[in-house]
Amino acid sequence: MRNRPRWPVRAAAVALLLAAAACGQEESPPSASQAAQAATTTCASKGALTMWERSGGNKQMVDMLVEAWNTKNPDCKINLTYIPHTEMVGKIAQGVASGDVPDLMGMDLIYAPQFEKEQQLVDITDQIKDWPELKTASEGHMTVATFQDRLFGVPLYADVSALFYNKDLFTRAGLDPDKPPTSLAELRSYADKITALGGGVKGYYLPGNCAGCNIFTVGPLMWASGATIEAAGPGDEPLVGDGVKQVLQFTRDMVKAGNVPEGSRTENGETFHLQFGSGKVGMMGTGNFNITLARQQNPGMKFGIALLPGVAPNSSASFIGGDLVVIPKGSKRVNDAVNVMKFLLSDEVQVEVYAKALNLTTRTDMVDNKYFEAEPLVRDVAKALTVGRTPYTVTFFEQINSPQGPWLKMLQRAYYSDDDLDTVIAETKTEMKAIASRS
Amino acid sequence: MRHGPRGRLVGFAYLAPALLFVLAFTAYPLAQMAWMSLHNWSLLSPPRFVGLANYERAFSDTQFWVSFRFTLLYAALITPVLIIGGYLLALLTARNTVLRRVTRTVVFIPVVIGLGVSSLLWYWLFSTDFGLVNRALLDLGVIDKPVLWLGVDATVSSVAISASVVWKVIGFGMILFVAAIQAVPTDVVEAALVDGVSHWQRVTRVILPLTLRTVLLVTLVSVIGSLLAFDQFYIMTAGQPRNETATSVFYIYLNSFPYLKLGYGAALSMILAVTILVFTVIQLLLTRRSHQ
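Those protein sequence lines, which keep their order, are chains A and B.
Be aware that the first sequence starts at 1, since it is given in UniProt numbering, and climbs by one per residue.
Be aware that the second sequence starts at 1, since it is given in UniProt numbering, and climbs by one per residue.
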């Protein structure tokens, strides 16, 4: 029970935004109106740059990147401010309307299309389109950084999903710990053998109440099976391909076979990151962040990383998440912000900052480096960058990420009911299309 | 007594700060919300006037009414527990002895914890894999396998969340009831004792009628709080299973912020505000009757 009504407070906040928006509607459309200069990895002018980044992202990585820039550019340091994740959209919109925006900002890549469509970001195509670094920049990031063939940002950092597997449990189950599954059929067969070990050990993990966890880990199973998921916009057909039904059937069978812990039905993301490190799950889709975490949780556990497979042998896919660095409309230091982007994509930063800290590089041609060579797990998970993708829709939250959205509803019906899968898919399509049509 | 213009001006000056506060932080936002509910507005682009379209959509929005019905059920479930439980605790601890004061403090402590924090705490306590509740019940032999408390069965989830909320807020009502019970004139109670009433009769015929206004006040606060329930459901079940534990405010939040449909969210908020207004008017009428 709440003892204070919250809506008046929210309404007040929104009212203030409204007033600010009304004041700011006369501003010129976003474009790289400043005279474009050849980008370098250093600052073109003096004075601190301001940058916003969402909290709840990879703070450690962003701090290191800013520190590296500041060390190289002592006269043009970045003043970094973290904005609570849930307030980011409102804060940016308010800032754009009132002209009080940072010079550059990090943004959850999944929301970029929405801001691009609404012309809230600076079009930097002319400054960066010829950069050779873009040819190998994370494809998922660049997909969502592009709107109507114009570029609005570059990768800030990347999170990818992959199949983590417990080598100790593989050995105990009589499986070869150096041969992870390469198809859904193998995944099922291996999970059966691991679950048969008993003692609370389960072959696989499905986060039953977490839309985001599922697009991160089950979505790639569908992509790898040749399917598409979201409706990109009005009139677009979602959930296309046999892979959708095949993956739903696979997950349903896994649950029915007892290969998934019963408690996973309540998983809303709070304990998702702790499951693999518990040592009681044979295989699960999770992210690169789980390498360090699993080691801290269970130092003695031996584990490997493979790509998330599809129906056909050796098919694979991954979800590329993370943040973009973009320039909000109204930024007064566009050229310097572009230089920061150039800096982030430079060979030196890719290797000596990203890779050295054992974070994923944001360029696929940079994964072969001395730091990843010494850390095979990171090298393995980095392969996901080459097969990864990112959903592209301005209604991502409503279609996919919402706890009340059609994506999670479809998965829960597949996992925990006997509803006809064709009907489930058809109803989900209808809902997704309706959402996309309202965009 | 009549006052001259100067007296009225002084009176108004005394009222002005409160009046300004109410105008700035209640009346104006409410008016803005009404205005917003007539527009489509994503925050990222200028608002567009749509008339009553948001209201039309709200009345045919099945999920909103599922959430609304669940919210009313939740309020109906938890309010009696909070009122009766709080009153019983107050009766037990109203007298000022050391043990009773300590008990009051212990029961009241959760009130000062944020609801978000308390919800997260209980989420972990109810966790299937890591939670102490299942561990304790298993060790005591009450259950033979962990219970899936949250997000699987709507009834079980509601009971679990209600338990966490009762723990969190029952002390609030208890303290108000204690204050009301302690304010009952001792001569009235003594007169009843002289007349030979039993303990039960003393409570039902003397103390309860004299504290009825506080009971109605706490009821109103509980009902409004329950109708505005959000944090606990957002954190503990995220509306699951099948959106059956999604409350109205949760649905309003989703539409207003993650979906960026501020106009639609405002229309839903107006509907909820009218509902709360109805409950408030009923309570005011009951309070007036009890006063008479």
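The set of hints was computed from the structure by calculation and includes no laboratory data.
Treat the hints with care, as some may be off.
[Stated by the list, open to error] DSBU-like mimics (lysine-lysine), calculated; alpha carbons at most 35 Å apart, straight line:
| id | chain 1 | residue 1 | chain 2 | residue 2 |
| --- | --- | --- | --- | --- |
| 1 | B | K145 | A | K256 |
| 2 | A | K193 | B | K145 |
| 3 | A | K59 | A | K117 |
| 4 | A | K433 | B | K145 |
| 5 | A | K72 | B | K145 |
| 6 | A | K59 | A | K91 |
| 7 | B | K145 | A | K77 |
| 8 | A | K370 | A | K356 |
| 9 | A | K167 | A | K256 |
| 10 | A | K280 | A | K356 |
| 11 | A | K332 | A | K91 |
| 12 | A | K167 | B | K145 |
Since we're looking at a predicted model, the values are computed, not measured.
Hints, verified against the model:
Taking the CA atoms of B/K145 and A/K256, the gap is about 18 Å. The hint holds against a cut of 35 Å. Our distance criterion of 35 Å between C-alpha atoms is met by A/K193 and B/K145, whose separation comes to about 23 Å. The suggested pairing of A/K59 with A/K117 holds, with an alpha-carbon distance near 27 Å, which does not exceed 35 Å. Proposed proximity of A/K433 and B/K145 is contradicted: the alpha carbons are some 41 Å apart, above 35 Å.
A threshold of 35 Å between alpha carbons decides the hint, and for A/K72 with B/K145 the separation of about 58 Å lies outside it, so the pair is violated. In summary, the hint linking A/K59 to A/K91 is supported, as the alpha carbons are separated by about 19 Å, within the 35 Å threshold. Restraint check: the Cα-Cα separation between B/K145 and A/K77 comes to about 57 Å, which exceeds 35 Å; the hinted pair is violated. Between A/K370 and A/K356, the direct Cα distance comes to roughly 9 Å. Compliance with the 35 Å bound is thereby established for this hinted pair.
Pair hint A/K167 plus A/K256 holds up; C-alpha atoms about 24 Å apart against a cutoff of 35 Å. The straight-line distance between the Cα atoms of A/K280 and A/K356 is roughly 31 Å, inside the 35 Å bound, and the hint therefore holds. Distance restraint check for A/K332 and A/K91: the Cα-Cα separation of roughly 18 Å lies within the 35 Å cut-off, and the hinted pair is therefore satisfied. For the suggested pair A/K167 and B/K145, the alpha carbons sit about 28 Å apart, so the restraint of at most 35 Å is met.
In this structure, the hints that do not hold are numbers 4, 5, 7, in rising order.
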